[in-house]
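Novice: Join the two chains into one complex using the hints; note that each chain is given alone, in its own frame.
Order-wise, the sequence lines are chains G and H.
Residue 179 in my numbering sits at position 179 of the first sequence; the count goes up by one each step and never skips.
Residue 210 in my numbering sits at position 18 of the second sequence; the count goes up by one each step and never skips.
The set of hints was computed from the structure by calculation and includes no laboratory data.
Note that the Cβ used here is the ideal one computed from N, Cα and C, for glycine as well.
Don't take every hint at face value.
Computed footprint of chain H on chain G, listed as stretches where at least three residues anywhere in the stretch have a Cβ under 8 Å from a Cβ of chain H [claimed, not checked]:
| id | stretch |
| --- | --- |
| 1 | 39-48 |
| 2 | 66-75 |
| 3 | 86-93 |
A partial selection of chain H residues facing chain G, derived with a Cβ cut-off under 8 Å [unchecked claim]:
| id | residue |
| --- | --- |
| 4 | F206 |
| 5 | L207 |
| 6 | V208 |
| 7 | G209 |
| 8 | T210 |
| 9 | I224 |
| 10 | G225 |
| 11 | E248 |
| 12 | F249 |
| 13 | D250 |
| 14 | P252 |
| 15 | E255 |
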Amino acid sequence: MPSHARRRWSGDRLAALDEIEGAHRAVGGAGRGRRFATQQINQAYAVLLSSQFQGFCRDLHAEAVDHLVVHLTPPPLRSVVREQLTVGLKLSHGNPNPGNLGADFGRLGLDLWPLLSAASPLTTSRQAKLKDLNTWRNAIAHQDLNPVKLGGRTELRLRDVRTWRSACNGLAFAFDAVVRAHLIALVGAAPW
Amino acid sequence: MSGAQVKVGDRVSFLVGTRTVVARVVRDLGEIGVGGRQLVVVEVSGDEAAGVEAREFDMPAEELEVIEPSAA
Chain G
1 MPSHARRRWS GDRLAALDEI EGAHRAVGGA GRGRRFATQQ INQAYAVLLS SQFQGFCRDL
61 HAEAVDHLVV HLTPPPLRSV VREQLTVGLK LSHGNPNPGN LGADFGRLGL DLWPLLSAAS
121 PLTTSRQAKL KDLNTWRNAI AHQDLNPVKL GGRTELRLRD VRTWRSACNG LAFAFDAVVR
181 AHLIALVGAA PW
Chain H
193 MSGAQVKVGD RVSFLVGTRT VVARVVRDLG EIGVGGRQLV VVEVSGDEAA GVEAREFDMP
253 AEELEVIEPS AA
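Chain H on its own, in the form it takes in the complex (with noise of 0.2 Å):
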């Protein structure tokens, strides 16, 4: 975990169950969890070979590991 805040375009990694999903930061929703804490919405991208779709959902900031920070 970072702990840092994360912002939009970060490309970030996280564990889904006991899978690592990696994924890019498209919204800061804001300092609004639990304690304060920031939540995001992460999008995971689709593999159009296999028929997957992207798909964007939220996490805690907390919970990500920043692994290219966002070139802006």
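If we strip away everything but chain G, and leave its shape as in the complex, we get (with noise of 0.2 Å):
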């Protein structure tokens, strides 16, 4: 069975996400008119892409550490070392970028992507996508949409977020696989 959170990220998060997909579908129209409210979707599309996706990584973090701390003895020490494991976690208020995540998994003693690189030759690919993910996300977040850094371009696609959620939902079940064995290899037991 899989964590929490990848149920939550399979269900009520990649729910969402069709809900973009249909509103896409749903304009109607020819022209210019349609070019622009299209790219409108594509760029919320994009930005609620890397939002539930953090929200899947918080939730697993969160989840894991919850089922490290409760091994410990004596009890009084749990809430100690969830407060140290917890407290400013970068994903708590920045992106679920590669370096963010790697930085709260890492507070766990895991080496989240040499682990998932080893598990995967897909994942390579994967953190690329998710960076440039977020490249888009930050410059629509703040509308500073230059080519510069966007690879030559100004005009988001969806087949770009197509693609992101393919390697989003990919490192997804790679994240719990990964966390799901290092927990084993601490505790001794299954979490999920």
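Specialist: Here it is, written out as structure tokens:
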């Protein structure tokens, strides 16, 4: 069984993204007006995808910490360790970029990216796509669509966001498996 | 322990080690903890005069005692 975080990702979070896909299909008309409307939807889609993936990662981190500290004795130690593992998380306020993910999961003693790379040859490509997604997310959120930073263009295509979504989905499955294996190695019991 | 669901905005107290801490629930992470228990983010106020910054961290709801429910 997957983690609660991954089940929520595969349920509510992907459903929210599907609604944006539906909005894209629903835009009628033709020509410049439709192109402008779909561009706004594509941008909203990218921001929402980054946000939902951030939520998944934050959920997985919280869930992992809960499974880790529940094994600690004496029990009064649990809240002390929990505070140290979750205070000031980069994922609470920052993008789910590879650096922030590595830093937050690294606090659990997990070498996230090397382990993901060892687990799947697709990791390097997914990591690059995640970086691209967050670069665009920042550009959209700050309305700073600088072609120099965005691969020479300022127009976001639906297929770009779909590619990033597929990468995030692959990473969600891989994160779930790597964190599970790490917790088993640490506490000797399967968390999910 | 209250054992009940807590809500964003609730003022709560709990133990960190042997120290009693008072905090505000600032985020509900949902029922994603061990056995599906509710996890929340709490914020402990800082003390400007003492140079202590506010901090946020995760706690299981079942370890919190609500001392002042959210007005909402």
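Novice: Honestly, which of those hints from before does the structure not fit?
Specialist: 1
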